[in-house]
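Enquirer: Chain by chain, the residues:
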Amino acid sequence: MANFQGPILDVHNLCVEYSTGSVNLFSRKRKSAVKNISFQIQTGECFAVFGESGCGKSSIINAILAFVPVTKGLIQFENQNLLHLFSSVPRWIRPQIQPVFQDFHQALNPRRQIGSLFKEIRSIYPDRPDSAELLNRVGLHCDVLHAYPHQLSGGQKQRVGLARALSTNPKMLLLDEPVTSQDLSIAAQILGLLKTLQKERKLTFLLVSHNFSILRLLADQVAIMKDGGFLEINTPGQLIANPQHDYTESILKQSGIR
Amino acid sequence: MNNLHTKSKMGGSLRAGCGILLFILLFILIGRLLTPYDHLSQNLAEALESPSRSHWLGTDHYGRDIFTRLIYGGQLTWIIAIFATLIAIVIGTLVGLFTAWWGGWFDLIVMRLVDVALAFPRIFIVLLVIGLGGSSIELLIWLLALFSWMETARIVRAEVSTHKNFAYVKAARASGLGTNRILFRHIFPNIAGPVIVSAILLITNIILVESSLSFLGLGVQPPFASWGTILNEGKIDPLGNWWISVPAGVCILVTVAGFNLIGDGLRDLFDPYRLN
Ligand SMILES: Nc1ncnc2c1ncn2[C@@H]1O[C@H](COP(=O)(O)OP(=O)(O)OP(=O)(O)O)[C@@H](O)[C@H]1O
Ligand SMILES: [Mg+2]
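Protein sequence lines, in the order shown, are assigned to chains F and H.
Under this note's numbering, the residue at position 199 of the first sequence is numbered 199, and the numbers go up by one with no gaps.
Position in the second sequence (from 1) plus 1000 gives the number in this note's numbering.
Hints may be right or wrong, so weigh each one.
Pair ranges (Cβ atoms, derived) [as the list claims (entries may be wrong)]:
#1 F/Asp220 - H/Leu1113: 52 to 60 Å
#2 F/Ser27 - H/Gln1075: 20 to 28 Å
#3 H/Asn1260 - F/Leu74: 25 to 33 Å
#4 F/Ser123 - H/Asn1260: 36 to 44 Å
#5 H/Thr1179 - F/Leu193: 39 to 47 Å
#6 F/Asp220 - H/Ala1192: 45 to 53 Å
#7 H/Gly1178 - F/Ile257: 40 to 48 Å
#8 H/Ala1117 - F/Lys202: 53 to 61 Å
#9 F/Ser27 - H/Gly1133: 45 to 53 Å
#10 H/Leu1108 - F/His150: 53 to 61 Å
#11 H/Ala1119 - F/Thr71: 23 to 31 Å
#12 H/Ile1079 - F/Leu74: 30 to 38 Å
#13 F/Asp127 - H/Gln1075: 32 to 40 Å
Hint data in this document are derived by calculation from the structure and do not stem from the laboratory.
Don't be surprised by glycine CBs; every beta carbon is placed ideally from N, CA and C.
Based on the sequences and whatever the hints tell you, model everything.
Expert: Written as structure tokens, this is what we have:
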């Protein structure tokens, strides 16, 4: 698998619909959150999705992990289909794709010490990296291992979430607003770490954010998302220099980029 | 200020409940050291004696010491209630965990069955089974359990449906942990509070139902006795021989009150919106 060719992740015509209550017993009200999205990510690349709040960014990540109902489309990871009959990602693929969730306050089990999360992962995957080392890499002291989530700050929780994601030695990270609650120096440190990992291990990222200036530091490709659909996909430089849509232009202006 | 006040009050009801139950437990567990009598052997020469120095709570129609019978009756009442509650909680928790986790058709069908089970005239079925098949302690425990797990299943299902969508559960799933591990090691510890509260409420209910059945002569059968059976034995002349049924009634009442106090205290304690 080391010399796998072609895109590591191939998403084709993805549609996600949520059911929002029932009209009657047989039909349900539906809300379409992701509409016919296609993209490919090459190994070692960072693909970013940029859009306003509520446009469906997190839904893409949840669809890849099979946490939300996908009504249509194809998701392939290294040519293996992720959407199966019982809509669950095959067990052996799971450790290879790891999420860092947006709502980091809920991302850690409140009844468990941080250390036990890492211990548990190492009990199923014995050859995985040491927890203290992982915490060090995200800039945390290994004292954190004995803490409960409520004893950590938001930013610390977010970094523990990143360390947890790295603990299975994944090939790909799904990053949902990974540095939202960090102060600038730590955000820079984490972005730097992500860059290093990208180089060292050819780690692939799907990065989701509403902050263009953070996103452009990492992204090779950026998709502009609006109301569940992609308007255009391009390099960040091209998007700034030469936007194809009025929406792209205006949203970049709002972010103070243009 | 207001906060401090309510907080000390709820600690109070928890403490009072524990105190009451501790007292009752001591009574039924080591009370027999205080009495020279046997709870089953009859002595017709001393039948229906009122309370005295030799028989603190008097004797019944067969001359059996009421104080002694209350001790053993309490043991039976508690054993039946505890086992029935444990079985009901285990069934309810498992059903709640897996219906919420698997969802879909499985959830729909099982929860409709629970609705049907709840709508059934349960007491009637119990009467029917016992009336036809006779009563034994094991049968009584299973019947009480089988008719009590539904409420717990609903509570657990509601809690798990919420936790299932929390990111910590998604993270556990994404890292490849198995369903059982996630359900029992990750989600269950977070919902144990409501389960414990429902167990406490359940046990009071089961004590009351068992006492009613025994009082009606359908529960624990003589010569063995639970508190409900003793209550029944005093009903021939409740005013004349008040010492037979009144103490048994008081025991049931006090035990139920104790559990209710604990239930209230715990519910406040586990309230997620409680200020620490
Ligand atoms: N479980 C759900 N049930 C119903 N609707 C949902 C659910 N999750 C999300 N939605 C809806 O789908 C749309 C997209 O949500 P999503 O979380 O993907 O947005 P987002 O781009 O990540 O937003 P943000 O930047 O605020 O995180 C929203 O309109 C939201 O209301
Ligand atoms: Mg989001």
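Enquirer: If a hint holds in the structure, say so; if it doesn't, say that too.
Expert: Quick rundown of the hints versus the structure:
no.: 1; hint: F/Asp220 - H/Leu1113: 52 to 60 Å; in the structure: holds (53 Å)
no.: 2; hint: F/Ser27 - H/Gln1075: 20 to 28 Å; in the structure: violated (57 Å)
no.: 3; hint: H/Asn1260 - F/Leu74: 25 to 33 Å; in the structure: violated (57 Å)
no.: 4; hint: F/Ser123 - H/Asn1260: 36 to 44 Å; in the structure: holds (42 Å)
no.: 5; hint: H/Thr1179 - F/Leu193: 39 to 47 Å; in the structure: violated (33 Å)
no.: 6; hint: F/Asp220 - H/Ala1192: 45 to 53 Å; in the structure: holds (46 Å)
no.: 7; hint: H/Gly1178 - F/Ile257: 40 to 48 Å; in the structure: holds (45 Å)
no.: 8; hint: H/Ala1117 - F/Lys202: 53 to 61 Å; in the structure: holds (56 Å)
no.: 9; hint: F/Ser27 - H/Gly1133: 45 to 53 Å; in the structure: holds (47 Å)
no.: 10; hint: H/Leu1108 - F/His150: 53 to 61 Å; in the structure: violated (36 Å)
no.: 11; hint: H/Ala1119 - F/Thr71: 23 to 31 Å; in the structure: violated (36 Å)
no.: 12; hint: H/Ile1079 - F/Leu74: 30 to 38 Å; in the structure: violated (59 Å)
no.: 13; hint: F/Asp127 - H/Gln1075: 32 to 40 Å; in the structure: violated (55 Å)
In summary, the numbered hints that this structure violates are 2, 3, 5, 10, 11, 12, 13.
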